[in-house]
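Residues 40 to 101 in our numbering are what the sequence shown lists, from first letter to last.
No lab work stands behind these hints, which were simulated from the structure alone.
These numbers come from a predicted model, not from an experiment.
Virtual Cβ for every residue (Gly too), placed ideally from N, Cα, C.
Among these hints, one or two may not hold up.
Claimed, not checked - What follows is a set of in silico ranges between Cβ atoms, one per label pair, in the way DEER data are often shown:
(1) 45 / 86: 17 to 23 angstroms
(2) 44 / 88: 16 to 22 angstroms
(3) 47 / 83: 17 to 23 angstroms
(4) 74 / 52: 27 to 33 angstroms
(5) 85 / 46: 17 to 23 angstroms
(6) 73 / 52: 28 to 34 angstroms
(7) 79 / 42: 16 to 22 angstroms
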Amino acid sequence: SVEPEWSYAIQARLEWLGKPVVLHEYQGEHHEFSRDWTLMMSRIADFFTTELKTGAGTGETS
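Can you build the whole structure from these sequences, using the hints too?
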């Protein structure tokens with residue numbers, strides 16, 4: 040497991056660097072994400088589509 044404070048620190052640093060970042064917390068979920076697996080994967084796919092695949096923030100497209 041990752042301590043929430045570690046995630047908050049990484050989020051703050053990425054924001055400071057001007058990088059796209061989204062932090063979702065899954066209260067009560069264990070490391071393997073058994074209950075929220077589908078939701079988590081959907082959010083990851085959405086982030087990749089909007090922030091990485093299009094080259095958002097870089098001026099590049101794929």
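What hint numbers does the structure not satisfy? 2
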